[in-house]
Structures are given as structure tokens and as C-alpha cells.
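Protein chains: 2
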Amino acid sequence: MDIDALLTSAAINTGLSVLLFSLYSILRKQPSNSIVYFGRRLASLNNRNSRNHFSFERFVPSPSWIVKAWETTENEILAIGGLDAVVFQRTLVFSIRVFSIAAVMCLFLVLPVNYYGQEMKHKHIHAESLNVFTIANVKEGSRWLWAHCLTLYIISCSACVLLYFEYKSITKMRLAHITTSPPNPSHFTILVRSIPYSVGESYSNSVKKFFTDYYSSSYLSHQIVYRCGLVQKLMVDAEKICTKIKAVPNGQPSLKPCCLDNERSAAFVIFKTRYAAVIATQMLQSPNPMSWVTELAPEPHDVLWSNLCIPFRQLWLRKIVTLLATVVFMVLFLAPVTFVQGLTQLEKLSQTFPFLRGFLKQDLINHVLTGYLPSVILMLFLYTVPPTMMLFSSVEGPVSRSGRKRSACLKILYFTIWNVFFVNHVSGGFLYAFNMLSSVGDIPVELAKAIPNQASFFVTYVLTSGWASLSCEVMQPFSLLCNFLKKHLRRNHEDSSDGLVSFPYHTEVPRVLLFGLIGFTYSVMAPLILPFLLIYFLLAYLVYRNQVVNVYIRKYESGGQLWPIVHNTTIFSLVLTQMIAIGVFGIKKSPIASGFTIPLIICTLLFNEYCRQRFSPIFKKNVAQVITRNRFAFESPSSCLSKVQFFFSCSGSYRDG
Amino acid sequence: MDIDALLTSAAINTGLSVLLFSLYSILRKQPSNSIVYFGRRLASLNNRNSRNHFSFERFVPSPSWIVKAWETTENEILAIGGLDAVVFQRTLVFSIRVFSIAAVMCLFLVLPVNYYGQEMKHKHIHAESLNVFTIANVKEGSRWLWAHCLTLYIISCSACVLLYFEYKSITKMRLAHITTSPPNPSHFTILVRSIPYSVGESYSNSVKKFFTDYYSSSYLSHQIVYRCGLVQKLMVDAEKICTKIKAVPNGQPSLKPCCLDNERSAAFVIFKTRYAAVIATQMLQSPNPMSWVTELAPEPHDVLWSNLCIPFRQLWLRKIVTLLATVVFMVLFLAPVTFVQGLTQLEKLSQTFPFLRGFLKQDLINHVLTGYLPSVILMLFLYTVPPTMMLFSSVEGPVSRSGRKRSACLKILYFTIWNVFFVNHVSGGFLYAFNMLSSVGDIPVELAKAIPNQASFFVTYVLTSGWASLSCEVMQPFSLLCNFLKKHLRRNHEDSSDGLVSFPYHTEVPRVLLFGLIGFTYSVMAPLILPFLLIYFLLAYLVYRNQVVNVYIRKYESGGQLWPIVHNTTIFSLVLTQMIAIGVFGIKKSPIASGFTIPLIICTLLFNEYCRQRFSPIFKKNVAQVITRNRFAFESPSSCLSKVQFFFSCSGSYRDG
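So the sequences go chain by chain: C and W.
Numbered by the UniProt record's numbering, the letters in the first sequence go through residues 1 to 657 in order.
Numbered by the UniProt record's numbering, the letters in the second sequence go through residues 1 to 657 in order.
Note that these hints are calculated values from the structure, not bench results.
Each computed DSSO-like pair below joins lysine-lysine, with the alpha-carbon atoms no more than 27 angstroms apart:
#1 W:Lys168 <-> C:Lys319
#2 W:Lys319 <-> C:Lys168
#3 C:Lys272 <-> C:Lys621
#4 W:Lys319 <-> C:Lys620
#5 W:Lys272 <-> C:Lys272
#6 C:Lys209 <-> W:Lys621
#7 W:Lys208 <-> C:Lys621
#8 C:Lys272 <-> W:Lys209
#9 W:Lys620 <-> C:Lys620
#10 W:Lys209 <-> C:Lys621
#11 C:Lys172 <-> W:Lys209
#12 W:Lys139 <-> W:Lys589
#13 W:Lys620 <-> C:Lys319
#14 C:Lys209 <-> W:Lys272
Residues from chain W shown here face chain C by an in silico Cβ test under 10 angstroms; the list is partial:
#15 Leu175
#16 Asp213
#17 Tyr214
#18 Val278
#19 Gln285
#20 Pro289
#21 Met290
#22 Trp316
#23 Ile320
#24 Pro617
#25 Ile618
#26 Ala624
Predicted model only: the values in this text are computed from it and were never measured.
Just so you know, even glycine gets a beta-carbon here, dropped at the ideal spot from N, CA and C.
Next up, chain C with everything else stripped away, as it sits in the complex (with noise of 0.2 angstroms):
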């Protein structure tokens, strides 16, 4: 690939993203259109009143989103779309200064090294290869190596030193969340799990007594969880169509309590202070740790009640067995790919079906087979992905519906750096990449032979998947004919708050620090992919922040438990950087410059533990003088007792979602 062509792709994308940003800016004019763009809005103003007036300006394109966008503050984010919003804002702001002290450096110094490095006579800009930017283009032994050395230690350190920041003020608003978020019920209960059963007493009774003994000044009441039987789904299922029929409000609690219920062995028990909810899920409750197992109930909304029903001592083997799943759809993932891909080399098609051969002998069928059928068959296998992972993450168990969307997150992470980076970069193909696995020293080395010369894969990757997929997310092109669809076919021109979703973090995340890793790994070795990365986050910037505050609602949060998955990924992401420096160094035969990046190695780690220590575990429990601090606010029993109605309340009428 030479620079010509780089520019002509770069030029198609941007043309091709300006139209689309364009026709959605006209696209979300249109009254039709709002529950699409404009989702999280309706449901909070309950105000459905479509402006059907007609003028001209709706359909001239403006910029006016990405002003909004651009004039929102984190405290408006935090308010509309909670801690989680501003976590994933604040990675893509950690993006942009990272590597915007990335492309300084690597622009004006590493970048000319790359060019002059090799005494040849260069061609026309134009005409110049893309490889004569990168480090290949640099002699062996060349005492301009230290160049690369040290934007490496900048770049490492400003990683560092913002990455730290960061961390530090997101700790600082998860305390201030625990503290200052409204009282909520879910702040005063404990979910308790694998009550063992006693010959003659219900779980109720056993429930009531243990805590009464253990915990009486503090217990106040409690829940215990029931399933539904048979009988009663036939019942919700009924009640569901009636409600549909008479369109009664939604949101409001309509089931009615029924006999038919069967009692499970976990009960939401709540506390009269936070404090003692909190005690009372840091201790062993029993001598034998697998019964009377407690945990912090999530939010009303956010419990996933279908999980509430599996037998705590199943957990750890769904764990093992999802994680098993997980590794193994990982690893073989390509191989049905690369053999449905196989199957579109047009000798192999005609030599199965023969009677296709006529067919196949046409020319644009032939350009389209060969073309766009393999690229196309890999998008839609990566569709499949995030269900995947998500069902996943169901069947392992969590409470939450925020525990289970971190827990695919984290799975769609590993997913997508193993099967786009890893197996991108190993020559040959996948299961090269998987006999590497046995031999886990080799990678960097691996890695830094390849890197290099896949550069241009890497700067088109960029350009086409970066920018196409936000896009993508602006126009929301699948809820936009899922609307046109319903408003045109089933003539229902009712807005109903039903389809909006919350956002979808498990994929996005992954997606973001993707690039991140794309960017750290490419920094130094083929600095020409920054410009286009630094485009791609200052767009993913503007664009999330529309969609944060137009389009998703937020049913329930996690509280930034987010952020240590960006923050490991990003140190993964450095370590990784510097092995395969110290590789592309002794490729280059320059000692001393691999010597250099091993303390660097060193320090990141330590950084690295350094954080572990001193934020993490904030993360992970409650800090009891925050909680001692505001506990005082709430503690009188009547309007607790208020809050448990309430809670109960939102049990009923979620119970069947």
C-alpha cells in the first residue's frame, strides 16, 4: 500500500462518514424518527406529542448535534446516564491525550528516523510506500533506535501519569456515588442464597429466626424469593395479553400475590442501617461457607430475577463450565469461518454443486463471491459475538443484570483481542496462533516480526471498522427500520417506551480499548496510524455523548465498575507494547536499546500494583467510614419500612421480566 492509496481510502471513508452523519442529522429531525434518536428523552419527559409541522429546515443537514454533544458536561452525563457514562467518557478522554502526546512525538521525531532511515533514493511522497514510515525502514545496528526508545518511555509514562489521575477522580466520584446517590432500598438489603432446609420450618421462619439471633439489632424484615410454577407463568402470560388488550400504564406493579408460588432457598433480607447490611455480607455467616451465603442486593431494577432461582452450589460449576465454553468458542471461533470462507473460492463451489457452474461463470457474481462474500460471512459470524458471550454470562449465574453485562464485557474483550489482534498478526492464520499458545514465550517475538508489516491491514482497520461502526451507532440503522417497519407495516404510529434499551457497554468497551491497544502497539513502530486513530476517538468522544444523552436509558449502573477493566487493559496493552519493542530492538540488532525498555517493563508492572493496592479495593467492598457517615440520614424505621414496600413492590412487578 503506498501513500496515495492510503489517502484515497482515507478520503472515501471520510466522505462516506460525513454523508451518513448528514442524513442523521436530517434523520433525526423527523418526528417519526424520535423514539429512535431520541428514546432516553421521551421516556424521562413523558411527553409524546409528535411535532408533526412541517418546515423546510428538517431537511437541510446541520451540525447542531455535535455542538450539543460537545457543550454537555460531566455533571449533565453523570445525572443522565449515571457513573458508568462518565467512565466510559472518561476513557475515551484518556484516549485522546494519550495519544495525542503519542502523535506529537511520534510525528516529529519518530516518524522522519523512520523515513530517513535507510540510505535510498525516495520516490515522490506520493508514490512512497507505507512501509518506508514504519520501523522496518530503519537500518540494523542504527544509533537513531534510541529515538524510538525514548517516545516509548513518554509515551508510557504520560500513560502512567493519566491513568493514575484518572483512577484517583473516578474513586473519588465511586465514594461520592455510595455516598450521595438517593436513598435507595437496595442500600439497606442483602440478598441471602442457599438457606438450608430444616424438616418442618419454611424458609421464611428459618430466614426470621437466624437473623433475629444473629443479627437482632439491626434485622428488620425480609423477602423470601419465589418461582413461579407452571401454573402461574400460564397466569403472567395471561396477564401480560390483558394488559396489552386494555393498555393499562406500564410500570405499575399488577401482579397480585398467588398461592401457587413455590418457595426457593433465597430471601432479600433489609437491614434497619447500610452499615449493618454491609457487616452482614463481609462475614461467613455459617460454619458451613456454601449455606447462609450473603451478598449486597443489587438494584430493584437491576436484579436479574431468573437468576435468583439457581441453587447456590451450582455457581462454581457454571462458572468453570462458561469459562470453558468461553475458551473454547474463543479458540475455534475462525475455524468455522475459515471454512464457510472456503467454500466461496468459486472451484470448490462448482466442484459441490455442479449445477451452479453456469451461474458461477458470470462475471459480476464472480466479483461478488470472491470479493465481498468473505468479509461479509466474518461480519456476520461476529454478529453472533455478543449474544454469544452474553448468554454466556447468564448461565454462569449473576444477580445482576449489571454483573452479567460486565462479565460479557469482559469475555467479548478477551474475544476481540485474541481473534482480531493475536491471530491478525500470526502469519500463519489461526492455527498457527493456537499451537503459539503452547509456547507462550515466543509471542512477542512472533509479534514483532509481523507488526511492522501489517501496518496498512491495521491503518485501513481503523479507517473502515473505527469509523464505520460509529456511524453505525449514530444512525442506529437496526431500531430505525424495526420503526419504519412498525410504523409502516403494522400501522402503529404509538411511540411505546418498550424498545429502549440501556447502553450497550459490553460491546462498546471492547470495541474502544481494541483501538487502544491497535494504537499503543502501532505508536512507535508505524506512527502514521495516529492521525486516523486520534480521528476516530474524538469522533467516538462526540458521538457517545449524544447517544448517552439522547437515545439509551439508564435502567441501572454498576457504580464505574468499568473502570479496572479499562485501566488492566490499558497497562496489558503498554506491557505488551514495550515486549514487542524490546523484540522489534533485537530484530535491529541494538542491545542497548532492548536493555533500556526491560526497566520500563518493570516500572509499568509496579505501577500497575501500585494501583492495585491503592484504589482497587475500593472497587470491590464498602469503605466503612463512608458508609458509617450517611447512615444516620435514613435511619428512621418508618420511613425505612416505606423503602421495603417499595423494594417489595418493584420485586412483584418485575418477578416475570
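We have chain C already, so just place chain W on it with the hints.
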């Protein structure tokens, strides 16, 4: 090695052991040695009247000590040596049981299969090579390998069943230990470290303020930890000398409070109830997880006073540094040994020191140098291991002696398994073994190749190192020598309990576990090792009982924390055995036997995971139900206060220890 040689070696070692045990039975009857062989008894009785009457009986060996050791009940061991001693005894009982089953299966099923494994003319049994009795003698593709596979199943299953019941009963004992142990000031006390410095306020005031603020209902009192300054140290030394001269009775607090102490950022905080103390250690105290760090205080005798002054912020760094130092020491240990042993080769020695040439030509010198010196050098180097690991564990910064011992135990365990087991099995020596680390997957195959051939080495190892270590343990040659020198050279005839030590779990547990590992890996491959191993375990059972009852004092205990180490190592041994079996079955071209072993590995790992869920939390956290149940017994403030006084007096007397 043939059977005759093996029998000769066994006869020599048996003779030697009988001789040493007889010598011991005489030596222990000599009143002058009573402090060596009855140290614990004398210390507990405070009865130091030497029974100096002469009798002929004193010089006749008798097996009375064996009978006494055999008759000691587990309750007596518990009362005398504490839970740790019982756990050690249970480890030996477990080994005896599981290897009895293994011996029956292997000697009656596997041994004949091995012996008649190939169609060959057998020599007379005396002249038969040991190899004929190992799996190496079974021909490739033999159908009789099912016998080995079945035996492996029976051994693994019985080991898991026995492990389960041991874990269950030890968990129960630990819970009983927590509830029924006599009221101890440390139960009510927590150690607070990293108290933040605030200008114009002493640490003592900060602690008081913090705990009256947040634990007003349960906080009782506190004591700041002081560091002895230089002047203080000199005074302590002076006082020690005074004590020696005046022969002031030992064990009473004699250190007066001194104005030269420097306050440290650590304190002991005493609560009114045990439950409150535990709660204070379970919560994060402050938004900065690196300040106000709490943990349960060790017993007064268990506190490692010198480490209390280490700033908490250093701990994570110290842990990393000692971990690295341990790994380097472990991996490189054999390098200097090999080098020094190389020097004992005569040619090299005479090249380096030409003037020795005549001296080295003498036959005796020659034999000594080549025959014994290498193993003596290895032994001397091996003696440096426990003190080195203990030093590493001290530097790590644990606040309790039992914690330090446990950490050293783990380090020595890893060291032993690596340097005795792995390095001896890898044909190319330690450098090759080091290379193998990079391709972890090959280790089982390498071991599978090596194990049948190394059988004779390890049979000899059990005979010499195992049996000899027991004779050495019971004889206590070092203490005996010290005692002799003290009495006869320094003319000091007074027995003092200064030299009494607590049980060296950190050296004995790894030794027993190593023999367990050898036993499991060789049981199916070379069953002839099992009788010798069984004798070792039976002897060990008697010897260590005797030592617990008579020799070692119990200064402190960890409450059974050794068992998880034993359990995990046994599971590791089992899985390693199974992996080696897969390798051996593969070499013997029996894919069915290999395939049948894979589910066994999975089941063993699942069993381990189950135990981790079911039992191990009890060894990490306190159980609310158990602590709540016995909190009311000690709740009167006056009894508490007297305990606190006692604790502080202990602090005083041990601060210089």
C-alpha cells in the same frame, strides 16, 4: 541396581536406624540430656531436679518411648502441641492410609503385571534388575495397562475421599479451636497500621478519635507501637546483661516504660467484644485503602515485634522483591553447587593448586574427595535453605511468627519440589530443566520418560534421606552437642529453657509432602518403592509424636493453617501423577488408557474446586455464627480490662525479643 543391592542397602539402613534409635533410647535416659530430649516437659513442669541416681537400666536400650508415643491420644497431642501439631499428625495418618491402599493394589496387581510384562527368561529373583519391576518392563501396546489405569483410579479416588474427610474434621477442629480456646486478649484486639499523620496531633490521639468516631459502641482502648531508639536499645542490652548476672527469673516483664521511645504509625486497638474486633478487620476503614489498615492481632507470643515498625506502604514492594529473590534462589541454587562439586574433580583441583598434586595421589584422599565430598557439599548447601527462606519471609514483613513460618514453609516446599523432584528427573540437569520452564507443556512428557528409570534413585533416597532424617530428628545431634559443650566446657550445669524451640513445621512439612509426592508419582510406575515409604511414614508418625510430647514447646500456633498447604500439595501430586501416567501410557502406545485418565484429572480438579468452596473460606475468614455464639462470655468490661493489661505487659516484655 538389582534386588540384591536394594536389599543390602535396606539392611544397612535398617541396621543404622535400629542402632541410632537404640542409642537414642539410652541417651534420653541420661539426666544430663534431659533438657535436650524432654525440653517441653521440663518447661511445663518447672521441675528441674536432676534424677542423678545411677542405675544399670539407664544403659540398656528399650522401646518404651515407642510404646508411649503410640499410646498418646489425639486429644493429648491437641492439648500439648495445639491444632498445628494435630494437623501435622493427620497429614502422616493420611499418608499412611492412602499408601497402604496403594501398596496393596500395586504389590498384588501392578507388580506381577510389570514382572511378567515381557516374554523373557527371568533370572533368579535376587539378581533381577529393579527395572523389571517398573512399568518400563511392560511391552508397548499391552492390554494389561488397564491394571495400571485401574490402580491409578483407585489411588486417586481413595486419596480424594480421605482428603475430604480429613479436611472436614480439621475444619471442625478449627471451629472448635476458635470457640473453645481459653479467653485470649488477642481475640479482642486488632492491629491497625498506616495511621495517617496529621499535623499537631499524636498518633495516639488520631487512633482514639477515629475509633471513638466510628466504633463508639465497641471501642475500649488502644496501645501505640513504639520503636526503640538507639539509646533505648543500649538500655535494653544493659538490662539483659544485668539480668544474666543477677540471674533474675526469666519470663517476667522487666522493661520499664521509657520516654525515649518513638511513636510509630501502628497501634493495637482493643474492643469490647470479639465480634466487633472481627468486624473492624473485615471492612475497609478509609477511602484510601492504604491507610487505617486493620487485621486481627496475633497472640502476644506470636507477634513479630520487629516487623510492626515496617511502614505499611513498603509491604507490597517487599513481597514482590522477596518473591523474585525466592524464585532466583530456587532456580539458580544448583549452579554454585555444581560449580563447587566440579572443583572436587581431581584433575581440575590439581590444575588449580599444583602443590597439592602429591597429596591428591594418595588413594584414601582420592576416595574421600570423589566419593563423599560432592554429596557433603550438596548437604551443606541444602542446610542453608531453611535459614535463607526464613530470612526472605522475615523481610516480607509478616507481623506474626506463625505467619512467617507458614510463608517459609511454602517457600521451602516449592524449593524442595523443584530441586529434589524436578531437577533430578530431567536428564540434562538443572540447565536443561531451566530451559524446560519455557515450554511448560513438555514437562509431563519429560517426567514420563524419566520416572521409570529414576526409580532406583528414589528408592535409595527414601531409604537414606528419609530414614536418616528421622533418626537425626529423634537424636537431635545439634542440641546434644551444644548441651554437651555447655556442660563440659563452660561448666554450666544449670538447665535453662532458653534454647527450647517450637516445632520446625517449615522444614518438616515440606519433607513429608515431598515423600508424598514421590509416593504418588512412583506408586503405579515402580511399586517397589511403596513398602519403604510406608515404613518411613510409620516411623515418622511415632517419632514426631514423641517429639511433640517431649521436645518442642508451643509458643504460638496458626490454628490449622497448615492444612490447606497439605491439601493443595496433595492435589498437585495427584494431578501430576495422572499427567505423568498419560505420558507413560502414550509412550506405551495405549491411547485407551491415556484417554481414560483424562476424566480422572478433570474430576480431581473439580474435587479440589469443591473443597476450595466448601472448606477453605473457614481458614481465611471468621464465622459470624461461631463468634457471635461465644461473645457474651467475656463481655464484662472489667475482665476485658485486665486482659488488656496483660496484653500490654506482654508487649512490654517481648518488645525486645
